[in-house]
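J.: Dock chain B against chain A, hints included.
In the order they appear, the protein sequences are chains A and B. Going by numbering that gives the first Met the number 0, the residue at position 225 of the first sequence is 224; the numbering climbs one at a time, nothing skipped. Going by numbering that gives the first Met the number 0, the residue at position 94 of the second sequence is 93; the numbering climbs one at a time, nothing skipped.
Just so you know, these hints were derived from the structure itself, not from any lab. In this text, all values refer to a predicted model and were calculated from it rather than measured experimentally. Just so it is clear, CB atoms sit at the ideal spot from N, CA and C, and this is done for glycine as well. Among the hints, a few may not be true.
[Claimed, not checked] Below, computed lysine-lysine pairings styled on DSSO-like, alpha-carbon distance capped at 30 Å:
#1 Lys91/B / Lys110/A
#2 Lys186/B / Lys22/B
#3 Lys50/A / Lys50/B
#4 Lys42/B / Lys50/A
#5 Lys50/B / Lys42/A
#6 Lys42/A / Lys205/A
#7 Lys91/A / Lys3/A
#8 Lys186/A / Lys223/A
[To be verified] Derived Cβ-Cβ restraints for the label pairs, each shown as a range:
#9 Leu51/A / Asp123/B: 46 to 56 Å
#10 Asn128/B / Lys50/A: 29 to 39 Å
#11 Asn128/B / Ile116/A: 38 to 48 Å
#12 Ile116/A / Glu225/B: 55 to 65 Å
#13 Lys3/B / Ala66/A: 36 to 46 Å
#14 Lys50/A / Lys201/B: 32 to 42 Å
#15 Asp123/B / Ser197/A: 48 to 58 Å
#16 Glu225/A / Gly114/B: 52 to 62 Å
#17 Asp123/B / Glu15/A: 37 to 47 Å
#18 Gly219/A / His229/B: 50 to 60 Å
#19 Gln18/A / Asn249/B: 54 to 64 Å
#20 Gly247/A / Asn128/B: 45 to 55 Å
#21 Glu54/B / Gln56/A: 39 to 49 Å
#22 Lys91/B / Met25/A: 37 to 47 Å
[Unchecked claim] Rough simulated footprint, nothing fancy, chain A against chain B, three-plus residues with beta-carbon under 8 Å:
#23 30 to 41
#24 87 to 93
#25 96 to 104
#26 146 to 154
#27 173 to 181
There are 2 protein chains.
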Amino acid sequence: MKSKLAIVKIGGNVIEDPQQLSKFLMFFAQMPEYKILVHGGGKLATELAKKLGIETQMVGGRRITDAANLEVITMVYAGLTNKNIVAQLQAKACNAIGLSGADGDTIQAHKRRVGEIDYGFAGDVDGINASTIGILLDNDFTPVFCAMTHDGLGQLLNTNADTIAAEIAIGMGKTFETTLYYCFEKKGVLSDVDDNDSVIEKINTKTYQTLLEERKIVDGMLPKLENCFHALQHDVERVCIGDLSMVGPNAQRFTTITL
Amino acid sequence: MKSKLAIVKIGGNVIEDPQQLSKFLMFFAQMPEYKILVHGGGKLATELAKKLGIETQMVGGRRITDAANLEVITMVYAGLTNKNIVAQLQAKACNAIGLSGADGDTIQAHKRRVGEIDYGFAGDVDGINASTIGILLDNDFTPVFCAMTHDGLGQLLNTNADTIAAEIAIGMGKTFETTLYYCFEKKGVLSDVDDNDSVIEKINTKTYQTLLEERKIVDGMLPKLENCFHALQHDVERVCIGDLSMVGPNAQRFTTITL
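Just chain A, with the same shape it has in the complex (with noise of 0.2 Å):
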């Protein structure tokens, strides 16, 4: 029977407020299972790179990554937010190694060809280092992996983290039970986007073309779900959407999706 492994995501709306972090990581640091953390970096890299006086240029909501903003992101997202929650979960009794995809090699990745929009050191990833990342595992490491890549040829990559936290969940399916949590700042899927009560609490392939027929996923979620799928035809286990909470011991009500 495989172990079951959980990576866990984190975004902007935890990271930024240290409460919310503290609480987050507490129910991190208890949870049973083999864990892997995944945090991505928040306003704090657009904050820094303002107050440097670099230009942060969005297109389409994705940053532009040129050589000055990869070293505010890898400033941010490599020291100071993955090496702060390193300490704390260290404080937690949880034994949390920090890394980028450079590290250790476990997350391989290319630079994004340029098309009609050029992204500058942004990177896709190609794949990633199930048997290293499994070592890490194995010795009761706790891998927390910030939103970094490298190609492999001395060039570090931001990478998106959600891709990220799926890749790693679809890489380390084939040896563990993985199951994929996105914690963001509303409960789960709603059937109500203004109502975070609406929660749906189980979502398939076939209730999932029902809420599309009725048209009750839109707008940002719809690549979310998309993702989300993708990661379960690949050997991911289910996935689960919602606040915080989710991972804590008293768990409220989320979604949970599987095929």
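T.: Frame of chain A; chain B shown alone:
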């Protein structure tokens, strides 16, 4: 028989010069024995602090690490410098993994007690986690440590890189035959400080006494050598001091210190 382990410390003079760094990393990647890299941060942190309008106070050559400076150091040492070194080593087929002392709880420290001077978030090392570092080495990882530790209570601490290198060498000395390499700008311990070719190739306890009596060891070299003998008296096999060519295939003259 114990396996050989090299602990190599590099400072600002190598880190700040991309060509020197690349040359050094090529040498380091090719060292056949088990190995660990320890790096300081150099002037980059001071420059970033300046750009951000954060004052950096130095007392007796030591940085006073207030909260704002600790953030800067975490960004530069653990982020920018560490991850770029890791990515470059990976490109040279060396399976580097970047660490602070918080990662894997590898280096335990405490905040320096406030005496005449309050050094702020400066860490004095209590000990290293030799078994955890050993697990990484046994699994083909090459640890790359930045000059940061933690107190186990969630606080990151700025810690002298020379000290970290010595403590790692001492801690690993029970299970490995350890050699501690201090790379700096000169070719070794010089008998004439103005002549970079006057390298003293071998120093031991006896000849060190003679050098002291002849007043050939002066200024900054004195505490450095005291630290070397401290390490030698605690399970470290030998200490080598020289420039970066010391770890290369055509090593030139450098200083080797033994008991």
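J.: Are the hints correct? Go through all of them and say.
T.: Verification of the supplied hints:
Between lysine 91/B and lysine 110/A the alpha-carbon distance is near 19 Å, which keeps this suggested pair within the 30 Å criterion. Proximity of lysine 186/B to lysine 22/B is assessed by CA-CA distance (about 16 Å); at most 30 Å being required, the pair is judged to hold. As the CA atoms of lysine 50/A and lysine 50/B are separated by approximately 8 Å, the hinted pair is consistent with the 30 Å bound. The suggested pairing of lysine 42/B with lysine 50/A holds, with an alpha-carbon distance near 19 Å, which does not exceed 30 Å.
Taking the CA atoms of lysine 50/B and lysine 42/A, the gap is about 19 Å. The hint holds against a cut of 30 Å. Between the alpha carbons of lysine 42/A and lysine 205/A the distance comes to roughly 37 Å, so the proposed pair goes past 30 Å and is violated. For the hint pairing lysine 91/A with lysine 3/A, the CA-to-CA distance comes to about 21 Å; that is within 30 Å, so the pair holds. For the given pair, lysine 186/A sits about 15 Å from lysine 223/A by alpha-carbon distance, which is consistent with the 30 Å threshold.
Against the hinted window of 46 to 56 Å, the Cβ-Cβ separation of leucine 51/A and aspartate 123/B comes to about 32 Å, which falls outside the hint. In this structure, asparagine 128/B and lysine 50/A meet the distance hint of 29 to 39 Å, their C-beta atoms being roughly 36 Å apart. Distance hint check for asparagine 128/B and isoleucine 116/A: the Cβ-Cβ separation is about 46 Å, which falls inside the suggested range of 38 to 48 Å. With their beta carbons about 58 Å apart, isoleucine 116/A and glutamate 225/B fall inside the hinted range of 55 to 65 Å.
Distance hint for lysine 3/B and alanine 66/A: a CB-CB separation of about 39 Å, consistent with the stated range 36 to 46 Å. In this structure the hint that lysine 50/A and lysine 201/B lie 32 to 42 Å apart at CB is violated, the actual value being about 51 Å. Between aspartate 123/B and serine 197/A the Cβ separation comes to about 54 Å, which falls inside the hinted range of 48 to 58 Å. The hint said 52 to 62 Å for the Cβ distance between glutamate 225/A and glycine 114/B, and at roughly 60 Å that hint holds.
One distance hint, 37 to 47 Å for the beta-carbon pair aspartate 123/B and glutamate 15/A, is violated here, with the actual separation near 32 Å. A hinted range of 50 to 60 Å for the beta carbons of glycine 219/A and histidine 229/B is consistent with their spacing of about 58 Å. At about 57 Å, the CB distance of glutamine 18/A to asparagine 249/B agrees with the hint of 54 to 64 Å. Separation of glycine 247/A from asparagine 128/B is about 29 Å and departs from the stated range, judged on CB atoms against 45 to 55 Å.
As the Cβ distance of glutamate 54/B to glutamine 56/A is approximately 32 Å, the hint placing it in 39 to 49 Å is violated. Between lysine 91/B and methionine 25/A the beta carbon distance is about 40 Å. The supplied range of 37 to 47 Å therefore holds. For the stretch 30 to 41 of chain B, the stated coverage by chain A is violated: 0 residues have a C-beta nearer than 8 Å to a C-beta of that chain, whereas at least 3 were required. Under the rule that three or more residues need a Cβ within less than 8 Å of chain A, the assignment of the stretch 87 to 93 of chain B holds, with 3 such residues.
Under a criterion of three residues with beta carbons nearer than 8 Å to beta carbons of chain A, the stated coverage of the stretch 96 to 104 of chain B is upheld, 8 such residues being counted. Coverage of the stretch 146 to 154 of chain B by chain A holds in this model, with 6 residues showing a Cβ closer than 8 Å to a Cβ of that chain against a need of three. Under a criterion of three residues with beta carbons nearer than 8 Å to beta carbons of chain A, the stated coverage of the stretch 173 to 181 of chain B fails, only 0 such residues being counted.
Hint compliance for this structure: hints 6, 9, 14, 17, 20, 21, 23 and 27 are not met, and every other hint is.
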